[in-house]
Each structure stands twice: as structure tokens, then as C-alpha cells.
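Those sequence lines, one after another, are chains V and S.
Just so we're aligned: 180 in the working numbering is position 180 of the first sequence, and the numbers increase by one with no gaps anywhere.
One rule links them: number in the working numbering = place in the second sequence (from 1) + 219.
I should point out that these hints are in silico values taken from the structure, not numbers from a laboratory.
One or more of the hints may lead you astray.
If we take Cβ atoms under 8 Å as the criterion, some of the chain S residues that face chain V in the derived model are [unchecked claim]:
| # | residue |
| --- | --- |
| 1 | Pro258 |
| 2 | Gly339 |
| 3 | Ser359 |
| 4 | Val377 |
Derived DEER-like restraints, expressed as beta-carbon distance ranges [as the list claims (entries may be wrong)]:
| # | chain 1 | residue 1 | chain 2 | residue 2 | range |
| --- | --- | --- | --- | --- | --- |
| 5 | V | Asp175 | S | Arg247 | 51 to 59 Å |
| 6 | S | Arg247 | V | Glu79 | 40 to 48 Å |
| 7 | V | Lys198 | S | Lys325 | 40 to 48 Å |
Subject to a maximum C-alpha distance of 20 Å in a straight line, what follows is the list of computed SDA-like cross-link-like pairs (lysine to any residue) [claimed, not checked]:
| # | chain 1 | residue 1 | chain 2 | residue 2 |
| --- | --- | --- | --- | --- |
| 8 | S | Lys302 | S | Asp274 |
| 9 | S | Lys417 | V | Asp175 |
| 10 | V | Lys8 | S | Ile236 |
| 11 | S | Lys417 | V | Lys83 |
| 12 | S | Lys417 | V | Glu170 |
| 13 | S | Lys227 | V | Arg57 |
| 14 | V | Lys198 | S | Lys388 |
| 15 | V | Lys169 | S | Lys325 |
| 16 | V | Lys16 | V | Arg57 |
| 17 | V | Lys169 | S | Lys302 |
| 18 | S | Lys325 | S | Glu389 |
| 19 | V | Lys181 | S | Ile291 |
Note that the coordinates shown come from a computational prediction; the quantities given were computed from them, not determined experimentally.
Ideal placement from N, C-alpha and C gives every residue a C-beta, glycine not left out.
Number of protein chains: 2
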Amino acid sequence: MSEIVIMKELLGENKKIAEEMRSFYRERGVLMVNIMGAPGAGKTTLLKALIAELDRRGVNTSVIEGDLYSSIDADYFNEKGIKASQINTCGECHLDAAVIREGFDKAAIDHGICFVENVGNLICPAEFDLGDDLRIVCASVPEGDDKTYKYIPMFSYVDAVVLTKCDLKEAVGFDTPYFTKGLRALSEAPVFEVSLNKTGEEEGIPALADYIQGKFNEL
Amino acid sequence: MSEIVIMKELLGENKKIAEEMRSFYRERGVLMVNIMGAPGAGKTTLLKALIAELDRRGVNTSVIEGDLYSSIDADYFNEKGIKASQINTCGECHLDAAVIREGFDKAAIDHGICFVENVGNLICPAEFDLGDDLRIVCASVPEGDDKTYKYIPMFSYVDAVVLTKCDLKEAVGFDTPYFTKGLRALSEAPVFEVSLNKTGEEEGIPALADYIQGKFNEL
């Protein structure tokens, strides 16, 4: 049996579960936001800042954290009083719709915005529908301005792109129009530029929070 | 049939081919070097500098480039007079031993050091033996110092780690001892620190070239 045939079967099965789950989450007034990106793109740092901002606005949030083995990230959110569960994929390269439902139940998530932090991978997660309403890709400036030309499936099926670590643009010679040109060949997704450096300076979070909150209000 | 069973079958089949190919390459006096890393870790930039350095030393080199769709990288090397072939995985997240043999034949590679640039992915390529002699992982400083704690299979089965974009250490607050501590829990692989920025400044390439050339001489 070829690898491609097996893949198609797995994807078909996942798609069916995802469609059911999407209705299930919507009925409960939960907007599911799938955050994807390469290792080190800044997904966790973004989530921390975004959830703090939405919390200040009185919006209910929760987190399902995907990781190969560790549970460092869910622990952080639980300590902050945010409902969070950890999914360890035990080496698997993506999350799927069934496993998200488990994480959802485990954290007893109800009304609000639920963020799913996908495994750090710009390839496999693109193909697995999680029953989400919003697909966001984080791309970091130091990864380079050619990523929209190389990781085509990921940048094709995306609702919004967050360009992270924008404070490093000059240091690495990042060409923003070139990056955007690659994206525009695949998608009309809006691009949000953010910087969140270790000294605590933040830029771009309110605009991104507005966008996600707007999608939640439309639910 | 579960995804895990299918994966085990695929890996078993690949391992068999890889063992045969390893003998095949060695008999021809070719050291196969598998370069892995996340998207934007700097694999291509590293290869360009490394091949230029080995070329100056009179060492014969060649390249098999893995990418989802494009052929930008192989074109660059061919223009420089380096034997290079491109493998497009058409969306697949890893290379395997059979496809590497095809790339090897296509570029008519003979005696010397053959670099395989794997698909940008810190997960799936860890499990696929390519019939290589040397497995090198590129990790970039802006990806963060926690990667050795999160991508355990990749950093477990590695012969050497190249820490790229070291000129950004201060800008991103990278903690080198923390990164190395995570690696040491998994592997005794040496770490080579390099910087290759757009203004043409290079640091760390000669030491890495010495290491790879040494492995070639032992073949």
C-alpha cells in the first residue's frame, strides 16, 4: 500500500470528525483558533501576550497545548488561572480533530475563545483540519522572507498570518514586500506584524486581538 | 489500521533500503551528510558557505536538495559548477532512503562529500534513515534556547549540532548553557557555532569543515 493512499484515508477520516467537532464547538459558543508555525516561530510567546490582552478586555479564553513530549506550556497557563490542557503527541508531527476534542473535555472548556497551539511544524499540520474556525500561521522574521514561497500548503489554507519578531527586521535584512508577494500568490490572508521581546516591549498585539475578538463576536 | 502501525511498517521498509544504500555510497567513496533543521534555521546558507570552504581545500562536493515544491536551491549550486539535484517531495514532510538514491543517480555523484539538505522540519526527518554517515542538525539562535528540550527525537539521533545565527545571541537573549544542558541530556554531539550574515561576515565555518573533512578521511 502506498504512503499516499494511507495518507488520503487518514485525512478523510479526520475531516469527518473535524466537521462534527466544528458544530459541537460552535453550539457551545466556543471559537476554536488553530495557531501553527515552525519551531521557534514564537507561538507560545504570542499566546501569552494575546491571552493577557483578551483577559484585560474581559474575554474568556482557554488553551489546548500540543507538544511532542513536554507540558511546560500548559502549566504556565494553568498557573495564571486560564483553563489549559496539554496534548503530548509522543513524537507525532501534528494534532488531529479527535485529540483536540480530548483536550477540550479534559480542560472543561466552555464559552469563549479556545486557542490550540499546534506542534512546531510548517508542513504536516496544514493538512489536518482540527474542527477550528480560524487558522493562524506564525512566521518569524529570522526564518527568512522566502518561507511563503517554500511552504505552500501552509500559507494556502490560512485565515491570517502573524509575522513575529519584527524588531529583528533590520538585523537580518528581512524584505517585507517580497514575503507578502509570496503570500499573495496563495492567499488574501491579512498579515499582523508583532514584536514581543524579552525586555517586555510589545507591539502589534491589540490589532491582532481586535481581529480575533471580531471573529468571536460573529460566531 | 492505526497510524502507528502504518508508520512502523514504513520505517522498517525504509531502514532496509537505507542499510543497502549506506554500503553502496561507501563503496563509491562518498560520505553522505544529512543536514536537518527547522524552516529558516539557515541550512541553505550554511551549505553555500561550507561547500565554498571545502572547494577552496580541493575537496569534491555535491548536493541533493530536498524541498516541498521549488528548485531554487539546486539551481544555485549547479550554476557554481557543483553537482546538484533537486527532490521535490510534493508536500511530503521528509525525505527517505529510496528518493535519495534517485537524486544521487540523477546528479551522477561520485567520490567526495555529498550533502543532503532535508526538508525544513524538526520532527519527521529524525525517524527516516537516508543511508547517511553523518547526521547534522542546524538550530538557529532566534528559534530559542529551549528547542533541545522540545524536539527530543531529533536531538537524540544526531552526530553534530550547528548553532546558526550566533550574531543574534544578544538581541534575542539566547542562553547557551541552557541550550547545551538540554542537548547533553540526550547526546554527546559536538556543537559548532556559526554566524553567516547578509553583509558577508562569516564565523565558525573552518572548524565545521575540519570536522566533516575528518569524517570523510576516515571513510
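Now for the hints, and whether the structure bears them out:
The interface hint given for proline 258 of chain S is met, as the beta carbon of that residue sits about 4 Å from the closest beta carbon of chain V, less than 8 Å. Among the interface hints, the one on glycine 339 of chain S holds; its C-beta lies about 7 Å from the nearest C-beta in chain V, closer than the 8 Å criterion. Satisfaction of the interface hint for serine 359 of chain S is found here, the shortest Cβ-Cβ separation to chain V being roughly 7 Å, below the 8 Å cut-off. Interface restraint check: valine 377 of chain S against chain V, minimum CB-CB distance 15 Å, threshold 8 Å, status violated.
The beta-carbon spacing between aspartate 175 of chain V and arginine 247 of chain S, approximately 41 Å, falls outside the hinted interval of 51 to 59 Å. Remark: the range hint 40 to 48 Å for arginine 247 of chain S to glutamate 79 of chain V is contradicted by a beta-carbon distance near 57 Å. For lysine 198 of chain V and lysine 325 of chain S, the Cβ-Cβ distance of about 46 Å falls inside the hinted range of 40 to 48 Å, so the restraint holds. For the hint linking lysine 302 of chain S to aspartate 274 of chain S, the alpha-carbon distance of about 12 Å falls within 20 Å, and the restraint holds.
With a CA separation close to 12 Å, the supplied pair lysine 417 of chain S and aspartate 175 of chain V stays within the 20 Å bound. Restraint check for lysine 8 of chain V and isoleucine 236 of chain S: not satisfied, since their Cα atoms lie roughly 24 Å apart, outside the 20 Å limit. For the suggested pair lysine 417 of chain S and lysine 83 of chain V, the alpha carbons sit about 44 Å apart, so the restraint of at most 20 Å is broken. Between the alpha carbons of lysine 417 of chain S and glutamate 170 of chain V the distance comes to roughly 11 Å, so the proposed pair stays at or under 20 Å and holds.
For the suggested pair lysine 227 of chain S and arginine 57 of chain V, the alpha carbons sit about 48 Å apart, so the restraint of at most 20 Å is broken. Between the alpha carbons of lysine 198 of chain V and lysine 388 of chain S the distance comes to roughly 12 Å, so the proposed pair stays at or under 20 Å and holds. At most 20 Å may separate the alpha-carbon atoms for a hinted pair to count; lysine 169 of chain V and lysine 325 of chain S exceed this at roughly 39 Å. In summary, the hint linking lysine 16 of chain V to arginine 57 of chain V is not supported, as the alpha carbons are separated by about 35 Å, beyond the 20 Å threshold.
Restraint check: the Cα-Cα separation between lysine 169 of chain V and lysine 302 of chain S comes to about 34 Å, which exceeds 20 Å; the hinted pair is violated. Straight-line distance between C-alpha atoms of lysine 325 of chain S and glutamate 389 of chain S comes to about 43 Å, which puts the hinted pair past the 20 Å bound. Distance hint between lysine 181 of chain V and isoleucine 291 of chain S is fulfilled; the C-alpha atoms sit about 17 Å from each other, no more than 20 Å.
This entry does not satisfy hints 4, 5, 6, 10, 11, 13, 15, 16, 17 and 18, going by the numbered hints stated previously.
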